[in-house]
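Join the two chains, each given in its own frame, into one complex according to the hints.
As given, the protein sequences belong to chains F and W, one line each in that order. If you count by my numbering, then the first sequence holds residues 1 to 533, one letter each, in order. If you count by my numbering, then the second sequence holds residues 1 to 461, one letter each, in order.
What the hints contain is simulated information worked out from the structure, not anything from laboratory work.
Residues from chain W that face chain F, not an exhaustive set, calculated with beta carbons under 10 Å:
1) 5
2) 18
3) 32
4) 69
5) 347
6) 354
7) 410
Under the rule of at most 20 Å between Cα atoms (straight-line distance), these lysine to any residue pairs were calculated in the SDA-like manner:
8) F:64 x W:388
9) F:117 x W:5
10) F:527 x W:291
11) F:155 x W:39
12) F:64 x W:192
FRET-style restraints, in silico, Cβ to Cβ:
13) W:206 x F:30: 50 to 60 Å
14) W:377 x F:60: 16 to 26 Å
15) F:72 x W:461: 44 to 54 Å
16) W:53 x F:161: 27 to 37 Å
17) F:72 x W:47: 57 to 67 Å
18) F:52 x W:377: 15 to 25 Å
From the three backbone atoms N, C-alpha and C, an ideal C-beta is built for every residue, glycine too.
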Amino acid sequence: MDTTSNTINSAGLPVEAKPKLRRFHQARWDEPIIFQLSQSGQRGILIPPTEQSLAESIGGELDKLPPGIRRATPPALPEMSQLHVLRHYLRLSQENLGLDLNVDVGQGTCTMKYSPKVNDQLASSHKLADMHPLQHVETAQGVLEIYWHLEQILKEISGMDRVSLQPGSGSSAIYANVSMVRAYHESRGEGDTRDEVITTIFSHPSNAACAKTAGYKVITLYPDADGYPDLDSLRAAVSERTAALLITNPEDTGIFNTRIHEFVDVVHAAGGLAVYDQANANGILGIIRARESGFDLCHFNLHKTFSTPHASGGPAAGASCVTAELAPFLPVPIVERDDDRFYLDYDRPQSIGKIRPFTGVGPNLVRAYSWIMSLGAEGLRTVAETAVLNNNYLLYKVRSIRGVSVPYATGKRRIEQVRYSWEELFADTGVHSEEIGIRAADFGVHYWTSHHPYVVPEPFTLEPTESFSQADLDEYAAILEHVANEARTDPDLIHNAPYNLPVHHIDSGALDDPTQWAVTWRAYLRKHVIGKL
Amino acid sequence: MTVHPYIPNSDPEVRARMLRAIGAESIEDLYESIPEGLRVEGLLNLPEPFVAEADLVRHVEGLLNRNVSTRDAVSFLGAGCYAHHVPAVCDEVNGRSEFLTAYAGEPYEDHGRFQALFEYASMMGELLEMDVVNVPVYDGYQAAATALRMAGRITGRFTVLIAASIAADKRSKIVDYLKPDMGVRLVPSHAESGTVDLAALREALNEDVAAVLIESPNYFGVVEVDIAHVAEHAHQNGSLFVVSADPISLGVLAPPATHGGDIVCGDIQSLGMHQYFGGGHAGYIAVRDEEYLVEQLPSRLFGIAPTSVSGEYGFGDVAYERTSFAVREHGKEWVGTAAALWGITAGVYLALMGPQGMTEIGETIVARTRYAMKRLSALPRLRVHHLGSLHFREFVLDVNDTGLTVAEIDEALRSEGVFLGKDLSTEFPEFGQSVLVCVTELTTKANIDLLVMLLEKVTKV
Chain F
1 MDTTSNTINS AGLPVEAKPK LRRFHQARWD EPIIFQLSQS GQRGILIPPT EQSLAESIGG
61 ELDKLPPGIR RATPPALPEM SQLHVLRHYL RLSQENLGLD LNVDVGQGTC TMKYSPKVND
121 QLASSHKLAD MHPLQHVETA QGVLEIYWHL EQILKEISGM DRVSLQPGSG SSAIYANVSM
181 VRAYHESRGE GDTRDEVITT IFSHPSNAAC AKTAGYKVIT LYPDADGYPD LDSLRAAVSE
241 RTAALLITNP EDTGIFNTRI HEFVDVVHAA GGLAVYDQAN ANGILGIIRA RESGFDLCHF
301 NLHKTFSTPH ASGGPAAGAS CVTAELAPFL PVPIVERDDD RFYLDYDRPQ SIGKIRPFTG
361 VGPNLVRAYS WIMSLGAEGL RTVAETAVLN NNYLLYKVRS IRGVSVPYAT GKRRIEQVRY
421 SWEELFADTG VHSEEIGIRA ADFGVHYWTS HHPYVVPEPF TLEPTESFSQ ADLDEYAAIL
481 EHVANEARTD PDLIHNAPYN LPVHHIDSGA LDDPTQWAVT WRAYLRKHVI GKL
Chain W
1 MTVHPYIPNS DPEVRARMLR AIGAESIEDL YESIPEGLRV EGLLNLPEPF VAEADLVRHV
61 EGLLNRNVST RDAVSFLGAG CYAHHVPAVC DEVNGRSEFL TAYAGEPYED HGRFQALFEY
121 ASMMGELLEM DVVNVPVYDG YQAAATALRM AGRITGRFTV LIAASIAADK RSKIVDYLKP
181 DMGVRLVPSH AESGTVDLAA LREALNEDVA AVLIESPNYF GVVEVDIAHV AEHAHQNGSL
241 FVVSADPISL GVLAPPATHG GDIVCGDIQS LGMHQYFGGG HAGYIAVRDE EYLVEQLPSR
301 LFGIAPTSVS GEYGFGDVAY ERTSFAVREH GKEWVGTAAA LWGITAGVYL ALMGPQGMTE
361 IGETIVARTR YAMKRLSALP RLRVHHLGSL HFREFVLDVN DTGLTVAEID EALRSEGVFL
421 GKDLSTEFPE FGQSVLVCVT ELTTKANIDL LVMLLEKVTK V
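Chain W on its own, in the form it takes in the complex (with noise of 0.2 Å):
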């Protein structure tokens, strides 16, 4: 047997001190409460390995090799994932061993893990104006369903509404997690805006409703501008309301609690995360502090903490009764190994933005969101939805007057290097051939006008 590098007691010498030692003959003694009958015979049937590191270098590059990322053309694509620039500091704090390969250390050996968590938070808080952020769940869709579960245990009610301009698979998730207590119906958007349709959410309002939700901007990147009318809607109602609101525009755009967010939630890839082919993403839940909100939040929250050394910060678990680690089933949903570090890594993100960098992102991605539509909009045979609204990173651009499907479009720019953005024709059949272009800071005026040049080349008659 080779000694394998990963494996110190692979090496037969060692294995048969350490059986001596034991009083055992042979590895094999030490399965002996496992039945003969259930046992692998054999080797399993897996592919030959790659024992030494190069080999598997080549191997595994080999394969990544044959992807086109988003560094290799101009993309595009947004639809819940972003292309955002991830500051070097960000990788080098994530890619620390200290943090990478640590896990449920004591508030003691793992201080820095908590500090940072904490830290992370605070800054969240900032960003959100409110006082309670939890150590992050998976992602986005997680933390919106999460929020709703929450509203529905607060308001004992058995219904949500949710704005109709959400993303199906968002929209998938949280039916699927909300089925055991409450159903979901849905609010549509003007057709001419795309912000929810006030009337037809006061009409289906009424005593089963335990949370509105809405995104802002919305899946459409539309801004909803009549996001206090929507609260007061809600608040009316004896229902909470819920927005889930993506953190990089809050830089410019008012946060959602003085609107009357009651939870606030949304996913923070956008801070600091590279997009991974969607491993990303995490999520936050955000409450004021007042304990009948912070009791219903499943996850972990680091409170700040005395020590018996005056003028030392030490950190430890906030109401930690809440959750399933404490009672199991009695808790608030679950808990368990989420999406930690890439808190730290938005806590990093928004140490290095600080207060005018994350002002200034903002105002350059509304800039060349409406650079884009502008542009675009001009073109004969193509339309941008919701033209009067006001956008942020993404908007609905609609092809039908060019006689192409988007599939065709798409395949036409991917040629020049160029990904156009999320197909939603049958996502939102009621758009037709349409297709949700996403523009963040990293797209710059040259790429926009690329953009332009060739769907103007592609879809001329």
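Here chain F stands alone, though its shape is the one from the complex (with noise of 0.2 Å):
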């Protein structure tokens, strides 16, 4: 054998170059619904008998129930083994795309991060998952020190005066504020007059909801021609009937709104209160702070920035700031310190009361304070600097696209995240930016466009963390280049996909037709089952 060719030889080596794009294909189990698993008399789990003795002693207790009352029939629950329900759920999960496995930085304003497993085996810890809520603080004294610690350190990185680590989301956080921008207003007399709240476009759509839903009227700042909310616009917009303003910096465009302590002052000068939604907080971590902006209150999305996994859309958890002067509308109990030992302080007379049961989110809130205290000051700091690299890094790999356009602030640097525009290659060739998403995950990746509405045309928004690494991010800028020379080339190709994935293309159709849509099996059976038997 010729040893010193370069051609391939019999046993196929060397392998040649891996092409540039994934032939990536996803697990397509084509798995059932569950109830057509089921197999009568299967048990997946056995339950502690009752103890004889016991029994006897009681007799029959539910005998005596009025007819009626004992349910009548088993529930038609599906019947597996263990093993059985065991597999059915890890081919869904495989049908899943979670970010350890992909290059995350699609779903902007999401800040899909790394969440280190060792946090995820500290928040597994009997000593935390079987802790009940209501042991005596005694007990509770370590679970507590976090709790307190990390409210510490939120005060350091908002420069508010008190947190409350009770909301279980962001938007659990935001209504939070708003129910204490109403108990201020109460305290002094304004409750009834001040029913106003203003808010931006480019805020998340949680901040206009939560408002609406607290009873307020919302007035929504739309942006300039340089993508800044309009200060005119706020300052024709506040009156004695202003409340708040519930605004994000930088917005989901990744534009930083150089003039937010202006909006602040012309809020504070009409007797609203600013509330600052730090969802976005992820590129200004040790840059910038809630406090010398001007803020009442803050909230941060502790599953966003402070990296707790995302879960499939939750459990999350928030944490609401606020300054001293709103310290005493915060939700009840709050976690005091008295020497070195910590207890739970419900006697808050002021207070809004409960926004969730008990105290927060715990494995997510021992999670987000493993995770600071993984990096301290320095570390948050590189956290956010390099999330603001990796941002505009990809900007210049995915603004140089034919195809993309970047709406606003031309040439100026964004922050963490960047709402970009397939409004060009849409004329071209009639291909939307949903679709442009759904070919792009043939290729193992998310994408997401916007929120509603598309102010940006044919949106998409990327927010590469700092977890991405720079190939990690030339691959995601590769596959967009490839499918929007795709949709040039073969429309179709892209108005048909996907192809790799789990499912081809849904026909949706039926979701928004009340005589057709099902939410649950049973319903599915009555409606398109057994009613055409």
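Have a look at this one:
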């Protein structure tokens, strides 16, 4: 054999270099609905039996029930062996794309970052998992100390004076903040007259929706030509009816509102409060704080900025941070320290009361604390700087793709994310942004357009957090470029996507039709199977 | 600068290369839009970090080890958070990276999440005998509060009636959440039975009442056996009947829908979630498949849909235009990240349990609860309230005649490794010194006998 030749030898080596894009194919198990896996008589788990002596001593308690109160027939749940349950769910899990498996920079505004495994382990300890929230505080000193320290840390990061860790998510924290705004104005006799909340279109929809749910009329500011929320519109909107401004900065465009303090001042001058939605804090940790911008309240999404896993859409955790003036209105209880002893204070007469049961989402509070404690002040600053560097690098890569535009703030750097537009590509090819995303998923990544309404036409929003490498960012940009080229050469290829995913193109026509939609299997059987027999 | 394991591009060489590529001199250039006056000077004042994983583990475990968990003790605590067995498969599934670290992908690459949540809703639908169940909200408090706001929007009325046998914290959440639209009035319970006072309810009903909310089992663990009559009165008044029920009771108790419940809601923590110091909660809201009800739900609803391949199940959002994601403040309340992974987990739990498991666990809990009530009520100086009523999992133990406070007894028991229940003395002063005791399938006869023995000893004159 000629060992000096470069030609491929009989064993097939050397292997040719991988192509630039992955030949990805997600698992496709074609898995039935779980009821179809049921086999009569199978058991997935057994229950501790009632001790015979116990049963004998009480007689038949359930037999004494009036008719109709005892369930007549067992619930029609599937009957499966344990392995079959496990296998079904493992197959479904393989048909789902977690952050750990992909270059997750496409879910903009969501701050998809690595959730360290060690923090999952810590949160799973029975010293947390099996803690009852109403245990005597003497038996819960460890978890209370963690909560207390996490509050001190978030005070420093926000510059605010007190923090509640009770909210279950970002939106829950927004609602808590709006409730506190209402309680504050009520305490000053202005509860009825201050009935308007102002927000911006590039702030999360929950700002508008929570304010409305809390009884406020919502005024929404739109961007000026440069993409900044319009200060003149704010001046025109404020009045003695203004309860608060709810605003994000940087907004979901990644553009930092340089006049934010003026916005706050305008609202304060009108007697309103300024509430900072810090969902987009990842690029500004340790760079700016709510306090220096003049805010009265703010909130963090611990599942975004502070790394707790997104959990397929929760459990999450939120933190509401307030100035001393607003602190009396915080939800009860709050964690207090007395020398080296930690306790819960419920005696807060001006409190808005409860936002959720007990004291907060324990496992995520422990994870957030652990994450911060693995980084420290310098590490947090590196997080922010790297998120911003990654974003501007990805911006540089993506803006060069033909058909992409980057509306607003031309030539300026962005903070941690960018809202792009495929307007030009759509005009050329008729391919929508949503369709680009579905095709991009064929290469093993997520992609997200934008919240509604689409102020930016054919939008997409990328947020490459500190977790991703340069090669990751290059790969993501290459996927977008490839799909954009496909759109130009073969638009039907995009219209008919996906090809490499667990399911093919979905016909969603029935989902808005009350006679057709089926939110449960029983509804599906009733509407589409039994009725047709 | 040390390269941090969570931050690949913290490597100075990589940073320099990337900065060069984008034409920036330094990281500082990227922050040019942030005015100096708003900047933090220097570094934040934070504790020294534990950058090595081993050191972090030592630190955090050191703190957590100061806790005494319900595994280190015998716990009779409930009151909204319950120590049920969590099957290993539940933790296995919700610990999978694919579910744990996913978020908001499309029904294509996140097909598994959509199917798992559709199946969760479907299994809950079987338990509840209702055709529409939401993707979970935060917790049972939120579920009840939203159910009542839904009733307000449907009826256009301004008051809700709530049975007074409800946790004070849950009432607090409801009052705060309903404030913009509706007021809350409480309907008393019968002192003897602990069930809602039907005569008082009838009297309280008027044309302002949007909904009646009953919990069954209620906060005192009492099953509301007259529930069908409550429904009848509510419906005659043009009000909606909202029932909050812990789904773990529905293997033995008839689903509220069969008694006239229009909106059924509750917490699913019992279905496979650890207590997590209160972090294991998620809420369900179920309605009949009628458009006027479905349209009022704020949550996401995942529906089944065909794909371009015959016989393939796809999924998608049902009636998305209801939601604040679609139409901001014009949606129904709001929707956001809540507790989807706990929904998936509850689905796993129900699939493991099956019809027989749900029946058996209900029977075991009812039997153990009755045994504990019987033994404790036989002790001198102790009383069990509502003794003649059917209880599920909880009951009120009255220690007024012992001359001791609940706090004193609790302290004595704690030193013996037993956590007594929730002290009701400030929450329900009408019971004086009383405690809400909880018994689950994990509470053995030996555990109950230990409680009896210790209480006998502690309360002996």
